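Asker: Residue strings, one per chain:
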Amino acid sequence: MNIVVCVKQVPDTATERKLRSEDKTLDRDAADGVVNELDEYAVEEALRLKEAHGGEVTVLSMGPAKATETIRKALAMGADKAVHLHDDALHGSDALGTSYAVSQALKKIGFDLVILGSESTDARTGMLAAMLAERLGAPQLTLASKVEIEGTAIRVERITDYGYDKVEASLPAVVSVVEKINEPRYPSFKGIMAAKKKPVETLGIADADIAADQVGLANSWSEVVDFAAAPPRAAGTVIKDEGDGGARAAEFLASKKFI
Amino acid sequence: MDFTLPESAQAVRRGVADVCARYDMDYWQRCETEKRWPEEVWADLAKGGWLGLAVPEEYGGAGQGLLELAVATETLSASGSAGGSAFMYVLTPGFGALTLARHGSAEQKEALLPKLATGEMETCFALTEPDAGSNSLAISTFARRDGSDFVVNGQKVWITGVQRAARMLLVTRTIPAERARPRTDGLTVFLVDVPEAVRAGGLTYRPIPKMGANTTPSNMVFVDDLRLPASSVLGEVDRGVAVLWDVLNPERILLAASALGAAEVALRVGVDYAKQREVFGRPIGANQAVAFPLARVKAEIELARLMLYKAAWSFDNGLPCGTEANIAKLAASRAAWEAADAAFQTHGGMAYSLEYPVARLLADARIGRIAPVTEELLLNHLATQVLGLPRSF
Ligand SMILES: Cc1cc2nc3c(=O)[nH]c(=O)nc-3n(C[C@H](O)[C@H](O)[C@H](O)COP(=O)(O)OP(=O)(O)OC[C@H]3O[C@@H](n4cnc5c(N)ncnc54)[C@H](O)[C@@H]3O)c2cc1C
Ligand SMILES: Cc1cc2nc3c(=O)[nH]c(=O)nc-3n(C[C@H](O)[C@H](O)[C@H](O)COP(=O)(O)OP(=O)(O)OC[C@H]3O[C@@H](n4cnc5c(N)ncnc54)[C@H](O)[C@@H]3O)c2cc1C
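Order-wise, the sequence lines are chains Y and F.
full-length UniProt numbering numbers the first residue of the first sequence as 1 and each following residue consecutively.
full-length UniProt numbering numbers the first residue of the second sequence as 1 and each following residue consecutively.
This is chain F alone, in the form it adopts within the complex (with noise of 0.2 Å):
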């Protein structure tokens, strides 16, 4: 068994490292304080390749898999951006290249991808709905036929990235959840224009105020009367299911990395302040009290990293890797959420202060819980579906 990291994903580890060293934790502050998309280090990932890491090479990409675009995510977040960067790596490479890769038609993939690759075009994801989150199934956006094309009307929520994305994959159903046996089936997927569905007056969308990422909008989106073309399918009518696995799996292993760029950057600044703040005449971190929370923390990092690794190596070995991508995605976020508060416990009071990084960082570290899926879901998945217990819902 061999524990290095391939060349490309140490490749990957370096290069971005690079790029992001010319970036500090008071930059990030400003962006999400300005609430701006951090358009200096988009372009110089762009620029040197880092964003089309999952794109095949003949669209313009470097034909790695998702170890490669993990790898990045983590280190852009560790670099000091934290979990408000995971939209930078899961929204357009993770949502838009990798699920167009695998489910895309020809016609698709060459007008899209070589976009996608440079960052030039960006994607969203619009799954959740007021009465639609854990239970996605549930979800009621209906597609009906006319003609050729298909008829859209329904609504949204939390729909991240919208404002700068080009095309919205939006999941909708063309059987009705409660009529769909089984439940997974009738659902499909559409590639939206979204310039032209807001010009057509079939899309509009309104940011929901947040306590933190705000680098990245998310919004409450609206669907009337949306008209699309059979063409913009991606993947198959009703077979909807299909095209959402390899988007979720990703998805969550993609915010797990980020998740783990969090946690290090959050115990990094607790370890640096536990060492350099003096209270009774020593440095805070000689007091076990202290120093255990954050030792606590490098141990959730290293394991979290493990299970991470090992799913998105399934993912790319085309591997089942759904219980892999839920254990990470639950290490992972456990992991930067504790070392938050570790770090925000170690600031005493200053930590309060937003002239630190810990509020920025815990607060950040929270969503991690709750999206793309919830600790509880995680946790429901491994009862039922591999340790076999019976299910409550």
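Excised from the complex, chain Y in its bound form (with noise of 0.2 Å):
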């Protein structure tokens, strides 16, 4: 089975994250890059599927070149090679945009099995799996907390707010995971030397058939027209607990609506 993970690089959550002034797309080179939280749930998943069934596990990511740290992570941890989509025409695509060359990219490379995470920790849209499964034309199974393959049937535990759906679809099919699906594994010392060795393809638009005026900034459906820094939070209020405690903090969350 051929696996493909589709892994993206984030700002490190914990560092503070910035726009850029001149073109309102995000500052990817004043924070720390990391392979976004999720896609290594899909990295592991992907490791599980081939360890039960065979094949094999290629990791494709679309970025700047520093993306080659998150694409070596992705390898250590156990996946046989990747794809890195790398190419300035495709700053500053949107979701739309990063769909058409992502699947682009998928149709040149193959596959029987796409995996992403469910959302990045930056842009959040959580739109990609749902997206590229359309551009592919393969089913989409998105937020599976379960994955279950039998020949070319693939079933999915797919959360939702009152406990799960069972879907079933055939393959080739498009899979979005959530958190509780694994537990990813750490890379370890054998998997990052041996990562090191790992065949890494890098893919401009013209060798993955992309067409330049359907991705970048200029070309992208959506705009961020402005952006400013969250307010700091105000002041909390204290209640203190004099025996009415609980009532008066239940009369706060209702005057703000939670409740």
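Read the hints as simulated data drawn from the structure, not as lab findings.
The structure displayed is predicted, hence computed values, not measured ones.
Where is the CB? At the ideal position from N, CA and C, for every residue including glycine.
Each hint should be verified, as a subset may be incorrect.
In silico negatives: residues of chain F with every beta carbon more than 10 Å from chain Y [said to hold, decoys possible]:
1. 8
2. 184
3. 280
4. 313
5. 348
6. 379
7. 393
Straight-line alpha carbon distances no greater than 30 Å define the calculated DSBU-like cross-link-like pairs of lysine-lysine that follow [as the list claims (entries may be wrong)]:
8. 190/Y x 115/F
9. 47/F x 146/Y
10. 18/Y x 275/F
11. 190/Y x 310/F
12. 275/F x 190/Y
13. 197/Y x 115/F
14. 115/F x 35/F
15. 66/Y x 24/Y
16. 198/Y x 107/Y
17. 196/Y x 115/F
18. 35/F x 197/Y
19. 166/Y x 107/Y
20. 50/Y x 115/F
21. 66/Y x 47/F
22. 197/Y x 81/Y
23. 310/F x 180/Y
24. 47/F x 196/Y
25. 198/Y x 47/F
26. 310/F x 196/Y
27. 298/F x 18/Y
28. 18/Y x 50/Y
29. 66/Y x 298/F
Hints in hand, dock the two standalone chains.
Answerer: Okay, structure coming up:
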């Protein structure tokens, strides 16, 4: 089975994240790049499926040059090889543009199963899996907390507000995972050393048949018009319990329409 | 000359940092307060192969050296555990695995190394006695031949990690100190099966209440008519000093690495506080009286690191490393102490509150200037062995 895991490099949530004033895109140089947390779960799931059913795991990441660090981490966890979609023309692509570019790369690589995280920690649209499935004409099984494969059938437990749905489709398919699905492994010493020797293929837009007029900031359907820093948190309300603490806390929450 | 760390050591830094990122300062504080071994971190380090770094590949390790082990120790410590976590690398990967790999018999290596590599089996090291600390050659724990066995009697103190250890490297005299010529002669190191020795009544121990580093207890150890087979000798009878050098130098290097990481933590904590605490309407770090001690610590850390890596590299390349290890130990434990003290002073009254981590950092940093060898003894070595000054003792 040929599994492709989509992995995004995002700025470390522990550091201060900034937008660039020139073009209102994320300043990716200002913060340390790390693997989008849910994508580690996606890699882990791919590795477990490979261990159970055989095949190969390819990491696909679209991003600037420094995304190679993120790719190496996924390889260190145990993925077999990687494709780095990297082209200045891709800078500033919105979700539509990104999904187009990634889908073109996926067509080029070929796949039985595509696994994504269900959401990134920076842009957080949570739309990529659905958009990719649409563009690839493959079934989408999003928000998976469990994945099972039998022959060409894929069964997923998809978390919902009320519990989970059991969803079934046939391969090839696109899956996005939630963190309940597994516990990602740490890269081991041997894994990190071996990752240095694993093949990473870099694709530009021409290599992946990506039309220049459908990607990049200028061709985005959505536009960031303005941005402002979040207002500093206002002083909290302290309720001292004098016998009626519970009622007053409830009153406060109700006044803010939380309950 | 190339100062970049080898890729293997860089991989260790990344990998161990990755494991440690899941454990914050509060986690380590809790372990200390609860006097609890950091089981979770130990299991994670084991899983990634980070404990077996220096175990040869044929015994299930990564076949790396002391440099990689030192970088792992430093990274673990710098993640927030500080000095208290030193024992996680010194006791088993250091005392146990490194020593066995160099001095173990084929059977000993086969039986123990694979389990030491995975952290499944742990070790401790017993040298210090109530009347022999700095003067360790004066130990009196004696192993008497009895047929093909040895029978050991004596007392040890400060022996750390006995509770979890499957094996103890027990340092004994087979020729009494007063008759040994030279004085380094007549030492024999045994690999004692701890649970077995306890069951047989030959070994008892009692933890010493201590000021810090409570994740690993340190103990009084009593050895009474402990019968050991000749096959449990590590290295050669009477020539244990060869084993000892290969225990003591890596021990100093690993403890220097841990101290260096501890200095990093204290510096980070101090600098953060100096940036954010405002007094007289500006951050206290704007005062040079606060800033300079922190800046000086930064310089001390970088200097100590150079010597630490040189010492580890010398050991791995079979070069003499005693002086380098001693200087690294002296510099790193000084840096850890100065860093903790600077962080302490920077925190003002809050430093004294146990809700801040500084008190723990200070208590743990103090050990480094005493154990495993005191600052004075390190300076004695430099004075007499390197500078050729006359001995006072
Ligand atoms: C602060 C900010 C705000 C933004 N706002 C918008 C907006 O409002 N509308 C808009 O259309 N775009 C916006 N963008 C552009 C953003 O770059 C795209 O939305 C993004 O490329 C794809 O969507 P996502 O990160 O939200 O993916 P999600 O759908 O949240 O991520 C799901 C999964 O998709 C995969 N994935 C995502 N990106 C990549 C990649 N580059 N390479 C490989 N796999 C990947 C990962 O597996 C990830 O877990 C914004 C970007 C930033 C930084
Ligand atoms: C937390 C902790 C864990 C330990 N774990 C272990 C362990 O696992 N295994 C083990 O074997 N040991 C262990 N030790 C023991 C440690 O190695 C000894 O404490 C150390 O070597 C110092 O010996 P001492 O305590 O007997 O001090 P002493 O030798 O009594 O020294 C007392 C003081 O006198 C000074 N002094 C002595 N002689 C001279 C001289 N000639 N010139 C100048 N100054 C001198 C010393 O520097 C020191 O300041 C541990 C100690 C501690 C605190």
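Asker: Now look at each hint and say whether the structure bears it out.
Answerer: Evaluated hints:
1. 8: About 7 Å separates residue 8/F from the closest Cβ of chain Y, which leaves it inside 10 Å; violated.
2. 184: 36 Å, holds
3. 280: 23 Å, holds
4. 313: For residue 313/F, whose nearest Cβ neighbour in chain Y is about 19 Å away, the distance exceeds 10 Å, so it holds.
5. 348: Non-interface label stands for residue 348/F: nearest chain Y Cβ at 24 Å, farther than 10 Å.
6. 379: The claim holds: residue 379/F sits with its nearest Cβ about 37 Å from chain Y, beyond 10 Å.
7. 393: 44 Å, holds
8. 190/Y x 115/F: Between residue 190/Y and residue 115/F the Cα gap is close to 18 Å, so the pair holds against 30 Å.
9. 47/F x 146/Y: Cα-Cα ~24 Å, so holds.
10. 18/Y x 275/F: OK: residue 18/Y and residue 275/F at ~20 Å, within 30 Å.
11. 190/Y x 310/F: The hint holds at about 25 Å.
12. 275/F x 190/Y: Not OK: residue 275/F and residue 190/Y at ~40 Å, beyond 30 Å, violated.
13. 197/Y x 115/F: 29 Å, holds
14. 115/F x 35/F: 25 Å, holds
15. 66/Y x 24/Y: 20 Å, holds
16. 198/Y x 107/Y: This hinted pair holds, its Cα atoms lying about 22 Å apart.
17. 196/Y x 115/F: 28 Å, holds
18. 35/F x 197/Y: Not OK: residue 35/F and residue 197/Y at ~43 Å, beyond 30 Å, violated.
19. 166/Y x 107/Y: With a Cα-Cα distance of about 28 Å, the restraint between residue 166/Y and residue 107/Y holds, given a limit of 30 Å.
20. 50/Y x 115/F: OK: residue 50/Y and residue 115/F at ~29 Å, within 30 Å.
21. 66/Y x 47/F: 28 Å, holds
22. 197/Y x 81/Y: Since the Cα atoms of residue 197/Y and residue 81/Y sit roughly 10 Å apart, the hinted pair holds (cutoff 30 Å).
23. 310/F x 180/Y: Violated. Residue 310/F to residue 180/Y sits at ~45 Å, over the 30 Å cutoff.
24. 47/F x 196/Y: 20 Å, holds
25. 198/Y x 47/F: Cα-Cα ~22 Å, so holds.
26. 310/F x 196/Y: Judged against 30 Å, a Cα distance of about 26 Å means the pair holds.
27. 298/F x 18/Y: Within the cut-off at roughly 28 Å; holds.
28. 18/Y x 50/Y: 38 Å, violated
29. 66/Y x 298/F: 28 Å, holds
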